[in-house]
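**Q** The primary structure of each chain is shown beneath.
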Amino acid sequence: MATRVQLLAMALLAAAVLSACGGGTASGPKTITSHVVTLTWTASDQSGVNSAGGGYQVLVNNNVVATIPYVSGSTAPTSAKLTLTTGIYMLAVRAYAALDAQGGNSGSYSAPSQVLMITVP
Amino acid sequence: MHTGKSPLRFSRLLILGSMLFAGCGTANAAGTARQRYVSGEVLVQFKPTLTNQERAAMVSAMGSAVRANYRNRWVQVTLPAGESVQQAVATYQSNSHVQYAQPNYIYHTEVVPNDPDFGQLWAFQNTGQTVNFAPLPDSEGWIYPYPNASGTAGIAGDDMDIVPAWNHITDCSSAIVAVVDTGVNYNQEDLAGNMWNGSNVTYNGVQLTDHGYNFVDNNNNPMDLNGHGTHVAGIIGAVGNNGVGTTGVCWKASIMAVRVMDASGSGTTATIAQGIDFAVTNGAKVINLSLGGNGPSDPIFSDAITNAENHDVVVVVAAGNNAADNDASGNSIYPCDFTQPNLICVAALDQNFALANFSDWGPVSVDVGAPGTNIVSTYAGSNGEVSVPFSGWTTTRSPLGGTGWAAVITGLPGGIQSSMLTDPPNWPSGTYTLNTDDRAYATFNLGGVSSAVVNANLYANVTSDGSIGLAYSPTGGDPFAPSSPDYLWGPYYTDTSPTQPSASSLIPISTDISACITTSCTVGIRLTTGSTADYGAALSSVGVTTLTLTTNAYNILNGTSMATPEVSGLAAMLFAFNPQDTYSDVVGAIENGGRPVASLAGLTTSGNAIDVMKSLAYLSPPTGLQATIQ
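If you read the protein sequences in the order shown, they are chains U and A.
Going by the working numbering, the letters in the first sequence line up with residues 1 to 121, in that order.
Going by the working numbering, the letters in the second sequence line up with residues 1 to 630, in that order.
Simulated from the structure, these hints should not be mistaken for laboratory data.
A quick note: this is a predicted structure, and the numbers were derived from the prediction, not measured.
Among the chain A residues that face chain U by a calculated CB cut under 7 Å, a handful are: (1) Gln-86; (2) Pro-164; (3) Met-613; (4) Thr-623.
If you anchor each label on the Cβ, the simulated ranges turn out as follows: (5) A/Pro-363 <-> U/Ser-79: 37 to 47 Å; (6) A/Asn-197 <-> U/His-35: 54 to 64 Å; (7) A/Ala-68 <-> U/Ser-34: 42 to 52 Å; (8) U/Gly-107 <-> A/Gln-630: 28 to 38 Å; (9) U/Asn-61 <-> A/Thr-268: 50 to 60 Å; (10) A/Asn-294 <-> U/Ile-88: 51 to 61 Å; (11) A/Gly-82 <-> U/Ser-34: 36 to 46 Å.
C-beta atoms are modelled at their ideal positions from N, C-alpha and C, and glycine is treated no differently.
Sequences and hints are given; from them, build the entire structure.
**A** What follows is the structure, given as structure tokens:
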């Protein structure tokens with residue numbers, strides 16, 4: 001459940017930031033609501049991602065908000081649910097694996113996927 | 001087995017040795033991809049809220065057993081029979097009392113093979129060594145070692161970073177690599193065990209038995225009669241850690257021999273395109289093309305590479321050895337300048353990771369750099385040189401009689417004086433006699449060799465009512481006597497009007513005369529003249545380079561031809577490491593997973609030298625990201 005806790009913290013943080021930035025306009029107060037955003041992506045074909053120590057990370061506004069580890073089967077999970085409040089977000093996913101570029105097991109990451117810009121109503 | 005000979009490598013191993021986990025020590029046999037973590041156990045870090053007793057109880061409740069407790073609440077857990085490490089990590093990770101769970105990873109010393117010439121392979125482990133391998137005679141005029149007779153010591157660490165990668169994979173045999181070249185000596189002691197087995201393949205109605213196909217002679221014997229292809233093959237996959245010779249990028253490999261170039265190292269669009277198609281049809285995942293020619297573009301050749309792309313095959317090609325920008329107008333080199341996405345074009349780096357002084361480059365066409373100087377690898381056999389002094393040549397003139405060709409000491413005005421065979425004898429100032437048939441020939445004893453190539457430098461100025469040509473005869477005597485002589489070059493004319501000899505009159509000739517392997521082989525030159533005077537011809541050198549096949553030859557060569565198979569080996573390794581990889585994944589890992597090198601910045605598309613370990617660890621960015629708001 002650690003992931004859910006992290007997500008909640010990020011959502012609250014995002015809401016706080018948005019609230020702080022939202023005042024001062026002439027259009028009056030807005031209603032902040034939360035929505036579940038389901039992200040999906042294409043499974044990597046790389047064995048390091050689809051084995052123990054591998055998986056994906058979800059990035060919101062360039063910050064890692066969730067880690068989706070490989071559990072079992074042929075591929076690591078390829079979806080994630082985020083709870084986001086009203087606002088505009090940049091979403092991306094990156095892959096990770098245990099093997100690092102020096103030949104050890106400290107891990108390595110891919111570059112982020114193409115960024116998806118969404119507006120949560 | 002590590003046989004660290006240099007102080008630097010020894011100290012590196014000592015440091016690594018101190019990090020060893022018990023029981024995870026030494027290098028194992030060649031060709032195994034190692035297990036990455038210990039089966040049947042995981043490491044779990046519990047949250048601070050639990051006592052030791054509570055941790056033990058929780059582990060027991062999950063069917064596991066505590067094997068050891070470590071600092072900072074880490075517990076080594078033995079799993080129940082049948083539970084996989086992946087399942088256990090996931091189960092523990094989802095437990096709210098667990099901070100982190102992971103496999104018990106296995107670490108190793110850095111594996112270096114026990115092959116006796118490994119210390120010469122600076123491309124794999126650059127310790128700053130001076131490569132002092134004794135070269136064999138070469139027909140291409142390279143100077144060994146590079147860049148001059150005294151060689152050079154490189155910069156330690158300027159290498160392919162392959163040694164740590166060998167901890168993870170040495171067996172690339174699941175990815176067939178086609179060496180489309182001069183053939184491969186499949187009997188060479190350090191290659192025989194890594195040749196592709198095509199014995200169940202029939203091609204053009206011919207049952208394959210010798211590990212590939214020969215498109216030069218259209219038969220099933222792709223034996224290398226030049227040496228180049230065998231050298232290339234050894235860089236990719238000389239058997240590693242067998243205590244013999246050298247090692248390839250891959251210790252265990254599956255090398256398909258596709259002969260498309262003859263003993264002189266020349267091939268055609270037809271042989272090369274057929275060779276590529278053969279490789280694709282028979283399952284190659286990587287095709288090595290250490291060859292090239294100046295433009296124009298060649299649609300049939302290009303189509304063969306596109307066919308490879310459509311079958312998910314990576315094609316690795318040489319940038320060329322002209323010390324030129326391939327992207328400049330008039331400088332196009334193919335296949336390097338083709339634009340298919342499955343193609344990687346490779347420049348050569350020296351032992352200091354500077355661009356080799358012969359290497360081509362191209363910010364649009366050339367992709368990466370790889371070691372290409374003083375490269376030691378397997379070879380097809382022993383080279384020899386057979387020559388006959390011009391004073392020993394037989395000359396004839398008809399119908400006039402007398403002397404046409406003459407052995408003289410002369411040279412171009414202002415040039416070096418040397419022994420030459422000329423017609424007229426007062427070449428280059430005089431003109432030849434009209435309406436004659438002048439011949440000169442000599443006997444070259446080529447008995448017992450496996451292949452023979454004539455190399456000659458000819459100056460020629462002959463108008464269109466005359467001709468100049470070279471021919472050979474395996475039975476001896478005047479090679480022009482038969483009604484249809486075996487011409488090895490010509491007959492041609494060179495001028496539309498009389499032209500004084502100059503440096504631009506020089507024609508280098510290199511032709512396979514393996515059909516003339518006898519003790520009485522004659523090679524000759526013939527000048528026929530008409531009614532228009534011209535300045536004639538001069539042979540400044542004629543020699544026959546021979547190759548005698550052996551099973552234990554090694555050689556040192558320079559060229560982008562040698563850099564290319566470093567990359568092909570890496571491509572095979574990546575396919576083997578990630579069997580689901582597409583050509584796009586492999587090309588991306590090689591080009592993006594390389595090491596930035598100043599000497600390649602702005603001269604190649606990536607600016608990178610290949611880095612095997614970084615490419616192995618390289619991960620492609622995820623694709624297909626979609627979001628649904630609920």
